[in-house]
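With the hints in hand, could you dock these two chains into one complex?
Now for the letters of each chain:
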Amino acid sequence: MKEKTPVLVRYRYLFSLLVSVLLAFGIGAIILAASGFAPLQAYGAMLRGAFDSARHVGDLLEYAMVLCICGLACVLGARVGIFNVGGEGQLLLGAIFACQIGIWLDGMSPWLVIPLAALGAMAVGAAYAFIPGVLKVKVKVNEVITTIMLNTIAAFLCQYLAKGPWKNANKNLVAATSQLNADYWFGKLIPRSNLTTAVFAAAVIAFLVWYVMQKTSKGFEMKIVGQNPRFAFFSGIKTDRLVLICMLISGAMCGLVGMFRVYGVEHLYKSSVSNDYYFEAIMVAMIASYQPVAVILLSLFFAILKIGAQGMELIGIPSQIYLILQTVIIFFMAAESGIMASIDAAAQRRRAKAAAQQRQKEAQA
Amino acid sequence: MEFPGVLANDDISLDIKKGEVFALVGENGAGKSTLMNILYGINEPTDGEVLIGGKKVEAFSPKTAIGLGVGMVHQHFMLVPSFTVAQNIVMSMEPKKYGFLFDNRAAERKTQELVNTYGLQVDPSAVVREISVGLQQRVEILKTLYRGAKILILDEPTAVLTPQETDELFDVIRRVVRERGMTVIIITHKLYEVMAISDRVGVMRKGRLVGVKNTCDTDEKDLASMMVGRPVLYDDLEKTGTAGENRIAVEHLTVTDNRGLIAVNDLSLAVHAGEILGIAAIEGNGQSELLEAITGMRKPERGTVRIMGQDVTGKSPDQIRAVGLAHIPEDRISTGISAPASVTDNLMVGKHDDKEFNLFGFHQRRSTIERYAREIYEKFDIRGAGLDSDVGSMSGGNMQKVVVAREFSFDTPVLIISQPTRGVDVGAIEFIHKAIIEKRNSGAAILLCSADLDEVFRLSDRIITMYEGKVTGSFAADAITKEEIGYYMTGDRSEKEARA
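Line order of the protein sequences matches chains A and B.
If you number the first sequence the way our numbering does, the last residue is 365 and the count never jumps.
If you number the second sequence the way our numbering does, the last residue is 500 and the count never jumps.
If we strip away everything but chain B, and leave its shape as in the complex, we get (with noise of 0.2 angstroms):
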C-alpha cells in the first residue's frame, strides 16, 4: 500500500492465529494503521494479498471486511452521542417493526444478550454522551460483535483510559479471547501493555515489519530498539538541584470552557523554581482550560494568576511572555506552528523583533537569521527537508522538535507544558524528555500537563491530580503509584470513601 509518494506498507507478509492476541507497535508513521485499514478494507493494498479465514480477499471495503468477520474500534470512536447505547449498537443492521419501523425494544433485548454472553456490562439505554469514555469504548466494541466480528482490530485503545479502565480493558480482551476463541489485534505504541497483553508482537519501523516475536521471548527494551532501529537509552535522565522561590502561582482560579460552563473551578497551585509540577487528569477535566488562562490564551472568570511575581490575570500572551513565560501548546498544529510557512520561520517567531535579526530595527537579516536558525536547528536535531521547507509537511516528531526548540530556545524561567510527546516517536521523545530534564536542572519552574501518565510520572517532581476542574489531589511523585493516582483521577477519593 502507497499512500502518494511514501510507500506505507512494503512488501509485508504476517500471519496472526486464531484466537490469539497480536500486538502491533512502531513509531508514528510506521504504517500499522494503513497494515489495519487495509485489513478492515479502508485502504487497498497496491500489490499483495489479503487473507481472512483462509479466504482472498477480492473486493477491499469495510462492508466485505465485516462480512469476513472483521471488526475494528478506532482510536476515536464513531458514535452518535445523543443515541442510547443500543441504538449505537444496532446501527446499520437495525431491529425492524412491521419491516420499516425501527423496534427500539428489541434493539435494547438484543443488546442485553449481546452484554449478558460477553460478560462486557453497560446499560443499554443510557445516552452515549452521558457514559465514561471507557463504556464508550466497550459500546464501540459491542458493536462489532453484533456484527459477527471474530477478529478485532483495536487502534490504541487506551490512550483516552485511566489505569482501571485500562485494566478493564485487558480483562475483556482476555475473556473473549479465551471463552469465546476471538482473534484481538492491538496497535499500541505503550510497549508495557504489550507485554501485559499480547501472545506475539509485529515491530514495524518505516513501512516494514521488522521483526515478529513472541511475548515471552522479548522485552521492552529490546522492542524500542527494533522500533527505532538502534538502541534507546531509558533510564539516564537525571534530576539535580533544589526547589527554589515560587514562579507560578495560581489562586482561586476560575476559567470557563467554550461553551461558557465552569470548566477550572476555584483552582490553586504553586510551581517553584527547578521543580517540575504534573497535572494528571482524563482529557476534558479542565487541565487545558487552565493551562490556557495562565498563558493569556483564555481570560479566566475570577482568580489570580502570578508569574515571577508580577499579577498577569487576564493579561494578553504577548504581556505574559514578556514576564518569562515560554509555552508548548497542546494541539501543535492549530496553535504551535505556521504549516505554511518554513521551518526557519517557525523558529522565527517570537525572536524575530529583536535587535541582532533587524538592520535599523526593522530591516530583516536574512543572513543572519539563517544562521541563527541551522544552529537551533542541528541543536535541536530536526530532521526534515531543510530549514526552508514547510513544517507542515513535516512528521508530528519533527513538528513538535521545532516548537519545542523554539519554546526553549527564548531561555524563560517559567515553562508550561502541554503534551509534549503526542503523537511523537520514541526516539524525538527521548530527545523532548531528556531536553525537559535539563531546563528543570538549570533552574526553570515548569507545569506539565500529559494525557500518558507514564510521562507525568517520569518527569514530574510533584504530582497533582485534576478532576472536573478541581484538584483531587497533591502528592511527591515518588510516594504515589499509578493506580493509586487513578482513583484521584476519577474523582474525590475522601468522597468515594465516604459514600462507600
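The shape of chain A in the complex, shown without the other chains (with noise of 0.2 angstroms):
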C-alpha cells in the first residue's frame, strides 16, 4: 500500500496521454478528410515513411536524442523554476564554436579535437545561459523573456559570424563555415543516416541526468528549491547557487547538442543545424510534465511523426499535419488535467450525497 499512490498517478498519467494522442489523431483524420485526403492512407505513409528503411530508422533516432537531450536541458531548468527558452541560441552557439575549434586544430589528433570541441560547445552554451541565469537569480528579470531574446542575438551573430570572419572559401555556399576535417565526423552507425556514434554520449547524459534528478539528494534539493522557493531557502539550502548551476548545465547540454549536430551530420556550421528544433523539445518537455523518463518516450514518439511526415510529403500531403497533430496532442494534455480533475470532484460529490442519504435510512430506520 505504501508505495501504490505514486504508481497509481503515473499510470493515469501514461493513459490519459493515450487518450489524448488518440483524440489527436482523430481530429486529425478530419482535417485529413475534410482536406480531401484518406485519413487511413495518411496514416499508413506516415508509418512507412518513418520504419520503411535502416536510413530513415537512423534518421528518427538521430532526431529523438535531440529532442531528448534538449528535452532534458528544459526539464532540468523547470525542476528548480527557471524556465529554460533559451536552449536554440544556446545550441547554435555550440555548434558554430565546436566547429571552428574542429577548423582551428584542423590536423591534430580527433582524440584532442572531439573532447576539446565538446567541451568548447558545453561552456559556450553554459557562458550564454549564464547571462539570463544570473540576471534571474541577482535582480528577479524574467528568464522567458531574457532568453527568447538571447536567442534572436544569437541566431544572428552565427549568421554574421557564417558570413563573415568564419565563412567558407566556397561562394556558392553563402552562410556557413569551411568543412571539418573528414577524420572528425563521428561514425555512422546506419550507413546514409544522420545516427552517429553521438547517440551513445546522448544514452549516458540522458542516464546522468534523470539519475541526479530521481535519486540523490542534489535532485531532492533541486525538485524542492522548484516546488517551493521560499521553502528552500527557508530551510537552508542554497537556492540561488542551486538555480544557476542547473541553468548552466541546460545551457552547456544544448551547447553539446549543437556539436553533435555538427560533428555527426552536417560536418559544418550552416543555420540548418537547428531548425527551431530546440523548440520542439520544450513541447515535448511540457507534454511530458517535466518527467524525465517520459521525455525520453516521447522524445521517440514525435521523431516517428516528424520523420513519418517526410512519408506523407510522397503521397502529396503537407508535412505540416504533422505539426498539427503536435499542436492538437498539447492541447488535449492540457485540457485533461481539468477535464480529470471536474470528473474526480462529481465523483466525490456523488460518494458524499450517497453517504448522506445512506446515514439519513439509518436514522430513519
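Partial selection, computed: residues in chain A whose CB lies under 8 angstroms from chain B:
| hint | residue |
| --- | --- |
| 1 | Lys215 |
| 2 | Thr216 |
| 3 | Ser217 |
| 4 | Lys218 |
| 5 | Phe220 |
| 6 | Glu221 |
| 7 | Ile224 |
| 8 | Gln227 |
| 9 | Asn228 |
| 10 | Arg230 |
| 11 | Phe231 |
| 12 | Phe233 |
| 13 | Phe234 |
| 14 | Ser235 |
| 15 | Gly236 |
| 16 | Lys238 |
Simulated crosslink set (BS3-like; lysine-lysine; CA at most 30 angstroms straight-line):
| hint | chain 1 | residue 1 | chain 2 | residue 2 |
| --- | --- | --- | --- | --- |
| 17 | A | Lys167 | A | Lys188 |
| 18 | A | Lys218 | B | Lys351 |
| 19 | A | Lys138 | B | Lys299 |
Calculated from the structure, these hints are not laboratory results.
Where a beta carbon is used, it is the ideal one built from N, C-alpha and C, also for glycine.
Written out as C-alpha cells, the structure is:
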C-alpha cells in the first residue's frame, strides 16, 4: 500500500496521454478528410515513412536524441523553477564554436579535437545560459523574456560569423563555415542515415540527468527549490546557487547538442544545424510534464511523427499535418488535467451524497 | 452541504432564537464556517432546508440572505481601504443625487444616524485605511445594520483584537441584542469568550452538531472535551530548570518591511537558555520582520543579531541554521512546507544532506529515509493519509505538526517560533504546547511570537510588548495581567499617561 500511490498516478498519466494521442489522431483524421485525403492511407504512409528503411530509422533515432537531450535540458531548468527558453541560441552558438575549434585545430589527433570541441560547445552554451540565469537570481529578471531575446541575438551572431569572419572559401555556400576534416566526423551507425556514435554519449547524458534528478540528494534539493523556493531558502538550501548551476548545465547540454549536429550530421556550421529543434523539445518536455523518462519516450514518438511526415509528403500530403497533430496533442494534454479534476470532483460529490442519504435512512430506521 | 469529497455539514438541525447570542464552536474543519455560509447564502445545502424568520429559503445567495435580514462579518474584512467609513457602509445601496450621482453628504448623514442609533462610535468621514482594526470591525457591523440586518453572524471576530477592543465589541453585542432585539451568532474557538458573551452554545465536530447547551450549564473544560471528542487535559505544562546563558542577542536592530518602511526600530532583546521569551503585539507592529531578520529571511538595515555568541547579522538562513537555530515560520503554507511534496520529503528537508541518509554522500538511501520519517511521524502523532501523501492535502493542524516535527528534530539550542498554533485544532494545540515546553525544559532558548495572547501567557517566562517596531514593555509573565499587557500593545503607556 505504501508504494502504491505514486505508481497509480503514473498509470493515470500514461492513460490520459494515450487518450490525448488517440483524440489528436482523430482530429487529425477529420482535418485530413476535410482536405480531401484518406486518413488511414495518410497514417499508413506516415508509418511507412518512418520505418520503411534502416536509413529512416536511423534518422528518427538521431532526431529523437536531439529532442531528448534538449528536452531534458529544459526539464533540468524547470525542476528548479527556471524556464530555459534559450536553448536554441545556446545550441547554435555551441555548434558554431565547436565547428570552429575543429577548423582551428585541423591536423591534430581526433582524440584531442573531439573532446576539446565538446568542452568548448558546453562552455559556450553554459556561458550563454549564465546571462539569463544570473539576471534571474540576482535581480529577478524574468528568464523567459531574456532567453527569447538572447535566442535572436545568438541566431544573428552565428549568421554574421558564418557569413563574415568564419565563412568558408566556397563562394556558392553563402552562410556556412568551412567543412570539418573528415577525421573528426562521428562514425555512422547506420549507413547513409544521420545516426552516429554521438547517440551513445547522449544515452549516458540522459541516464545521468535522470539519475541526479530522481536518486540523489541534490535532485531532492532541486525538486524542493522548484516546488517552493521560499521554503527551500528558509530550510537552508542555497537556492540561488542551485538555480544558476542547473541553468548552466542546461545551457551546456544544448551547446553539446549543437556540437553533435555539426560533428555527426552537417560537418560544417550552417543555420540548418537546428530548425527550432529546441522549441519542439520544450513542447516534448511540457507534454511529459517534466518527467525525465516520459521525455525520452515522447522524444521517440515525436521523432516518428516528424520523420513519418516525410512519408506522407511522398503521397502529396503537406508535412505540416505533423505540426497540427503535435499541437492538438498538447491541447488535449492541457485540457486533460482540468477534465480529469472535474470528473473526480463529480464522483466525490456523488459519493458524499450517497453517504448522506445512507445515514439519513439509517437514522429513520 | 458537502464540499467535493467531504461532508462538511451532516444532517444538522439547529434552532436559533430571536434576541439571543449563540456561540458556535468547533475545531478547524468542523464545519462551522460552512454552516454559516449556508445561512448567508454563499453555499447551498445538498439536502435539507433553512428557515429564516419562519420563511423557507428558496434561492441561496447572499442577496436573498441580506433581504431576509442576515448580515455577516467575515474574519477578513471586506472593506475598501481607500474609501471613507461612510462610503464603505453605504456601498451597494448608495444614496443618489439626481438619481445617478453619488451623494457623499447623505452617506455621511445616514452613517451618523446609524452611529447614534446603535451607539457604535466611529467617524463617518475617516478613511478606512487609517483607522484601527477594532474600528474597521465596527464599520463592518454598521454595514450590515445599514442593510437592515436583524441576524448578525460574526466569524472569529476577536482574532485580530486587543483585549480592550474585545471588551468593547462584547459591549456592542450586548447592546444591540438588549436594545434592538437582534440575534447574534458568533463563531469562535476561544472558549472563555463563549462563556463571557453567549446565551447558548453549539459544538460542532467533523460536520456534526454534537451538542447544544445553555452557556450557564457548561464550562470551558466540558466544551473542549465535546469539541475534541475526548477529555482534554489542560494544565500539566510543568516548567523546570532556570535560565542559563545568553543565546539570542539582538542589539539596536532596524528592519524595513516590503514597502521599505521601518518596521523594526532600533530594537534590542535577549533570550537565554531554558527560557521562553514571548512577544505580545498586534499584527503588523514589526514582529514578523523582527523574526525574519533574526532567522536570515530578511536583511536588517542596522544593528546586530548574535546567535550562540556568533554574529549572524545579514547572513543567509543556511548559515544561521548552521550556528544552531531552527525556525517555525508564521505562515506555514508559504514558508514552512512544500505542499506538493510528500510528508516524508517535507520531514527530510534540512536533513537530506546528512551522511546517514546518503550512500557515498550523494545517493539517497530511500529505505533509511522512510524509516526515519515513520519514526518522526509516529513520535509527533501526525495523522493524515500516510507518509506518501502530499502535505498540501493535510489539515492545518497536521500540516503544522509536520513543520514542528521537522524543526524540533534538528535538536537546536535556539528556536524561533511564530504563530505555532494558528488555525490548528484544540488537540494539536495541546500537543504542540507540550512539545514547546519540553524543549524549554531541556535547555533550549525560545523566542515565541503569537497573535493569540493566551498562548503567549501560557508558554512564556518573560513577555515583551511591541508597538510600531519598538519594545514598549518587558515583564515576567506571572507579574502582569492580560488587560495590562493590552495597554502596552497599543502604545507606550508612560507616553499615554503623560498626555492624559
